[in-house]
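As they're listed, the protein sequences go chains A and B. Residue 1 is where the first sequence starts when you use the working numbering, and the numbers rise one by one after that. Residue 1001 is where the second sequence starts when you use the working numbering, and the numbers rise one by one after that.
Keep in mind that the hints are not guaranteed to be accurate.
Unchecked claim - Straight-line Cα separation of at most 30 Å, DSS-like style, residue types lysine-lysine; simulated pairs:
{"no.": "1", "chain 1": "A", "residue 1": "K104", "chain 2": "B", "residue 2": "K1019"}
{"no.": "2", "chain 1": "A", "residue 1": "K191", "chain 2": "A", "residue 2": "K121"}
{"no.": "3", "chain 1": "A", "residue 1": "K45", "chain 2": "B", "residue 2": "K1019"}
{"no.": "4", "chain 1": "A", "residue 1": "K121", "chain 2": "A", "residue 2": "K134"}
{"no.": "5", "chain 1": "B", "residue 1": "K1004", "chain 2": "A", "residue 2": "K45"}
{"no.": "6", "chain 1": "A", "residue 1": "K215", "chain 2": "B", "residue 2": "K1004"}
{"no.": "7", "chain 1": "A", "residue 1": "K191", "chain 2": "A", "residue 2": "K215"}
{"no.": "8", "chain 1": "A", "residue 1": "K220", "chain 2": "A", "residue 2": "K236"}
{"no.": "9", "chain 1": "A", "residue 1": "K220", "chain 2": "B", "residue 2": "K1019"}
{"no.": "10", "chain 1": "A", "residue 1": "K45", "chain 2": "A", "residue 2": "K220"}
{"no.": "11", "chain 1": "A", "residue 1": "K275", "chain 2": "A", "residue 2": "K265"}
{"no.": "12", "chain 1": "B", "residue 1": "K1060", "chain 2": "A", "residue 2": "K104"}
{"no.": "13", "chain 1": "A", "residue 1": "K134", "chain 2": "A", "residue 2": "K220"}
{"no.": "14", "chain 1": "A", "residue 1": "K104", "chain 2": "A", "residue 2": "K191"}
{"no.": "15", "chain 1": "A", "residue 1": "K275", "chain 2": "B", "residue 2": "K1004"}
{"no.": "16", "chain 1": "A", "residue 1": "K45", "chain 2": "A", "residue 2": "K265"}
{"no.": "17", "chain 1": "B", "residue 1": "K1060", "chain 2": "B", "residue 2": "K1019"}
{"no.": "18", "chain 1": "A", "residue 1": "K45", "chain 2": "A", "residue 2": "K104"}
{"no.": "19", "chain 1": "A", "residue 1": "K275", "chain 2": "B", "residue 2": "K1060"}
{"no.": "20", "chain 1": "B", "residue 1": "K1004", "chain 2": "B", "residue 2": "K1019"}
{"no.": "21", "chain 1": "B", "residue 1": "K1004", "chain 2": "B", "residue 2": "K1015"}
{"no.": "22", "chain 1": "A", "residue 1": "K191", "chain 2": "A", "residue 2": "K134"}
{"no.": "23", "chain 1": "B", "residue 1": "K1060", "chain 2": "A", "residue 2": "K220"}
{"no.": "24", "chain 1": "A", "residue 1": "K134", "chain 2": "A", "residue 2": "K104"}
{"no.": "25", "chain 1": "A", "residue 1": "K104", "chain 2": "A", "residue 2": "K265"}
{"no.": "26", "chain 1": "A", "residue 1": "K220", "chain 2": "A", "residue 2": "K265"}
{"no.": "27", "chain 1": "B", "residue 1": "K1060", "chain 2": "B", "residue 2": "K1004"}
Note that these hints are calculated values from the structure, not bench results. Remember, it's a predicted structure, so these values are computed and weren't measured experimentally.
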Amino acid sequence: MNRPMPRPFSLLAEITHRCPLHCPYCSNPLQLAAQRDELTTEDWKRVLAQAAELGVLHVGFSGGEPLQRPDLVELVAAARAAGLYSNLITSSLGLSRQRLEELKRAGLDSIQISFQSDEEKLADRIAGTSAHAKKLQAAQWVREFGFPLTINTVLHRGNIERLPQIISLAEQLSAERLELANTQYYGWAFKNRAVLLPSRSQVERATEIATAARKRLLGKMELLFVVPDYYSDRPKPCMNGWGQRHLTVNPVGEVLPCPTAHEIKSLRFDNVCEKSLAWIWRESEAFNRFRGTEWMPDPCRTCEFQEVDFGGCRCQAALITGDAAVTDPTCQFSPQRERLTQFVESSQNELNGSSSNPVEMLYRQNSGI
Amino acid sequence: MRPKLSSRARLQTDKVTGKPIVLYPEGVLMLNPTGHAIVSLCTGAVTFQQIVANLAARYKIPEPEISPQVAEYLNRLRERNLLEMQHGNEAAP
């Protein structure tokens, strides 16, 4: 079937992997990019201009911690000049009034701050560093400067019980958007999934709380609840389809169809230092490998949902089954669903039985970068 | 009540299609000509009634007919948190 080439709408610019936080649910690769290998300012400016030409409308400056790059303001200005709507996705560590003023002048459109929880002790324990108090201060400054503020909290066993308080915190900070993202198990999170996975009843309760809050806050604060797909019968429509709407450029310039595509070891990613973004989007092996429906195996091949969820997540298939080209194992029709269910069930037993014997959590290590 | 496009949103022309779009955090609205006309009038300086009158004259549709459509469109913008309501003197210019 010949379909028209889709247009990308969003670019995630992972400008560095360096980060002052050590969150155990980080979806960055276990092998982090070294500072000396990062793209230069000029490289990023070229990427931003090429992205806008290709149709991209939104750019998220992310990482790692994007504030670690001293040229961030310059990159934001380049995004604005290209007509892109820019979002700074940050821990807020490294943010100051002066930096905010410079970012405002450069044309930054919005800011997203991560919070690990609503309460300092727990939040700092999750982040692996003292960060919470600085975040509260930064969020206040962000509002002072008139930036739209998104709060993002990754939910897992350690903080999901705090959901009502987390929602209250976002309201107190006058956030305009709250993203409650149940942990997606890639990178460091996959390594830590036995510790991070909440129980089924915790997830059900959280879903109820988030649904009620969304209704209550309609028109005031947008609330997004990312479902935990280990507990779902249906896979998520990952990236709205592979190579359909999104590009990620990592710190060294490799272009990925999704931020975690590094999990698929059989894929080779082209680099913006060697090829144009347009060529990579249209022609590269990585973007065409799972584009459309041609690649699909059974049961996706004949499934009525193939245009609804696009076979789910390729990275998840790779991580759990070792083969990126099979149906996402969270799908009830996947022959591999049983394997995932067993993992989920065994973790329930552990939750119910051995709370006195917690599994060790592995913090993300930045050493050597 | 004078509707104003939220400061978190930006109205601009799409490079690919040449058509008007509204960009906001994590989202985009592709505007049709009517939507564009409505959004362009959401400046905070014009009342709801004045928007209706303007569009009624422009598209030669009776005000009572177009009024609920404008209200519905504005409501959709408001639900996305893309509209600020400036309260004040209804008779303001």
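Practice task
Verify the proposed pairing of K275/A with K1060/B, using a straight-line Cα cut of 30 Å.
Solution key: Given pair K275/A, K1060/B is violated - Cα atoms ~53 Å apart, limit 30 Å.
Handout entry: K1004/B paired with K1019/B [C-alpha distance capped at 30 Å]
Key = Satisfied, since the Cα-Cα distance of roughly 21 Å is no more than 30 Å.
Handout entry: Proposed proximity, K1019/B with K45/A (alpha carbon, max 30 Å)
Key = 25 Å, holds
Problem - Distance restraint between K191/A and K134/A, which requires alpha-carbon spacing of 30 Å or less - result: 28 Å, holds
Practice task
Quickly compare the C-alpha distance for K220/A and K236/A to 30 Å and report which way the hint goes.
Solution key: Holds - the C-alpha atoms of K236/A and K220/A are around 27 Å apart, at most 30 Å.
Handout entry: Hint consistency between K1060/B and K1004/B [alpha-carbon to alpha-carbon, up to 30 Å]
Key = With a Cα-Cα distance of about 24 Å, the restraint between K1060/B and K1004/B holds, given a limit of 30 Å.
Practice task
Take the C-alpha atoms of K104/A and K1019/B, compute the straight-line distance between them, and say whether it is at most 30 Å.
Solution key: 27 Å, holds
Practice task
For the pair we were handed, K220/A and K265/A, check the Cα-Cα distance against 30 Å.
Solution key: 43 Å, violated
Handout entry: Restraint check for K45/A with K220/A, where alpha carbons must lie at most 30 Å apart
Key = 35 Å, violated
Handout entry: Proposed proximity, K215/A with K191/A (alpha carbon, max 30 Å)
Key = At roughly 35 Å apart (the allowed maximum being 30 Å), K215/A and K191/A break the hint.
Handout entry: Restraint check for K275/A with K1004/B, where alpha carbons must lie at most 30 Å apart
Key = 43 Å, violated
Handout entry: Pairwise hint evaluation, K1019/B against K1060/B, where the allowed Cα distance is 30 Å at most
Key = 23 Å, holds
Hint compliance for this structure: hints 5, 7, 10, 12, 14, 15, 19, 23, 25, 26 are not met, and every other hint is.
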